[in-house]
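A.B. asks: As you go down the protein sequences, you meet chains H and Y in turn. Using our numbering, the first residue of the first sequence is number 1, and each one after it goes up by one. Using our numbering, the first residue of the second sequence is number 1001, and each one after it goes up by one.
Hints are computed from structural coordinates only; laboratory data are not their basis. Ideal Cβ placement from N, Cα and C applies to all residues, glycine included. Heads up, some of the hints might be wrong.
What the hints assert, rightly or not - Restraint ranges, calculated between C-beta atoms of paired labels, are given here: (1) Y:P1091 x H:I53: 31 to 37 Å; (2) H:H253 x Y:S1139: 28 to 34 Å; (3) Y:G1037 x H:V250: 54 to 60 Å; (4) H:Q117 x Y:S1227: 58 to 64 Å.
Said to hold, decoys possible - When the alpha-carbon atoms are kept at most 30 Å apart in a straight line, the in silico DSBU-like pairs for lysine-lysine are as follows: (5) H:K292 x Y:K1129; (6) H:K279 x Y:K1063; (7) H:K280 x Y:K1238; (8) Y:K1063 x H:K304.
To be verified - Looking from chain Y toward chain H, a few residues come up when the C-beta cut is under 7 Å (computed): (9) L1070; (10) L1077; (11) L1082; (12) P1091; (13) V1093; (14) A1096; (15) I1102.
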Amino acid sequence: MTELNTKIDSQDCYVEVNKDDLVVNNDSSKIHCKALEESEKINLNIEILESEIVPRINLKVLRDSYINLNIELTLLKGAKLEILDESEYSKGSEIKINSELKQNSSFELYRLNKFNQSTENTYFHKCELARNCIFKDFNFTNGSKYMTNETIVTLADEHSKYIGSGVVITNSTNCNNTLKINHVAPSAVSDCSFKAVSRGDANVTFNGNILVEDNCSNTVSNQISKGLIMNEEARVDLIPKLEINNDDVVCSHGAASGKPDENVLFYLTSRGISREDAKKIYIQGFLGEFIKKIDNAQMQAKAKQFISQNS
Amino acid sequence: MLEIKKLSISVEENKILDGLDLSVGAGEVHAIMGPNGSGKSTIAHTLAGNSNYNVDSGKALFKDKDLFELDPSQRSLEGLFLAFQYPIELPGVSNASYLKQILNIHRKYQGENPIDAGEFLKILKEKSKRLNISMEMHSRFVNTGFSGGEKKKNEVLQMDLLNPSLIIMDETDSGLDVDALRQTSEAVNKLRSKDRSFIIITHYLRLLEYIEPDHVHIFQEGKIVESGDKRLAHKIDKEGYTT
Chain H
1 MTELNTKIDS QDCYVEVNKD DLVVNNDSSK IHCKALEESE KINLNIEILE SEIVPRINLK
61 VLRDSYINLN IELTLLKGAK LEILDESEYS KGSEIKINSE LKQNSSFELY RLNKFNQSTE
121 NTYFHKCELA RNCIFKDFNF TNGSKYMTNE TIVTLADEHS KYIGSGVVIT NSTNCNNTLK
181 INHVAPSAVS DCSFKAVSRG DANVTFNGNI LVEDNCSNTV SNQISKGLIM NEEARVDLIP
241 KLEINNDDVV CSHGAASGKP DENVLFYLTS RGISREDAKK IYIQGFLGEF IKKIDNAQMQ
301 AKAKQFISQN S
Chain Y
1001 MLEIKKLSIS VEENKILDGL DLSVGAGEVH AIMGPNGSGK STIAHTLAGN SNYNVDSGKA
1061 LFKDKDLFEL DPSQRSLEGL FLAFQYPIEL PGVSNASYLK QILNIHRKYQ GENPIDAGEF
1121 LKILKEKSKR LNISMEMHSR FVNTGFSGGE KKKNEVLQMD LLNPSLIIMD ETDSGLDVDA
1181 LRQTSEAVNK LRSKDRSFII ITHYLRLLEY IEPDHVHIFQ EGKIVESGDK RLAHKIDKEG
1241 YTT
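Work the whole structure out from these sequences, hints included.
C.D. replies: What follows is the structure, encoded as structure tokens:
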């Protein structure tokens, strides 16, 4: 096992997991972290300092073998960070992130991942937000045979905010998604969205858990989940679970799933678009509503491209 | 252009059209009028290929091709265009990218090169101006949040872009104010040519005051019960369908 501890306070940092290397590059220095065995766990400890500019870590997995990556992330007081993971995981993977956001820090995480249709992939992220912190969490995934995505967010102090969107496009997959939001301090906000496109014989599950503890007045918490079922054999199960222990809150949730509207498909085909392409446009439209939630123009363009390529 | 022979249509076992005959020559404008539920929209959607409508018997030849052998997209590519009474909303897809996509699909079918973004924008501006459509509308999602008039204008814009040879307008005048009706009709009149035919479905004379038909047909209970020229539309406007 190899450990890497680094402090990053400038823009354009790269983390690449090569066949046997882990590279962190912040332009001024290049630090290699060798995994001695292909199956070995790679631990990455990152501490982000306060800075004027927003540093970005580009996480790119190039290794053509099982990936077992553990990231311990701390954003110090007032720090900002973007992480972009555009990896295509050709083999199985197990990614764990444990992140802590200190007061007034801001974290944006963009995962745009394509997985092999025959692999098992798990992702687990535990994040705790202190006072006045914001965490924007956007996950777009396609592929995998057995996939588990779990994110647990604790809004631990006042005026902390979580904005999260998950998009799953899948065929031939068992895909379990869990998002737990724990409101343990007053005046915190969570806004969660999940959309799944289930094709082939895919089975997608979303467990959306929101807990608001009794001391959490002025909480605002919204959750919406939608599923698009493209085949007779495909399934989407959306399971919202809200436990609200304080009356002075604004909370909402909505869940809906169904097949594409034949009237829309007819309209598109009546304009010369083939039925197959009409379904792709339908999927892009279904997911396109979520793109608007991304206010970072560059990331919005990447998300659009991901949807277009995987519809 | 279009030959319909003894066409019978049903929806979920209910017979809607019963042995319809209609012949539309190249360059002709046919108006179909009739009370609610007489089968006017049924003929429009059947010709465009809506699978909710079952063809029980009969034929429809479009430019000598059996229309019912073609799927909806093939019918469109062959030159049939249906302007919907209730245009469908498509959230998440911008109107501009949708219009460019359908234009390029038709260009490809015609053996032409796809149009680039700059050239498309130029065409879109010119055609939108004719219909008094703001360019801002094209940055919105297809028909989403559009007013009734904007939706209908967007239908006319599509027919203008795709250059079809047979245009079926299903109550395009409904939901249009006087100015929008005039602008839309002027755009349609500019599309009239000796190679392009129209079937205009309407309840009212006012659209036919702008777009003068060559033939007017009265539909009742799934059949044409009377045909004539524009004077027939005036008669219906004055006397109604029940006399």
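A.B. asks: Taking the earlier hints as the rules, which of them does this structure contradict?
C.D. replies: 3, 7, 8, 9 and 14
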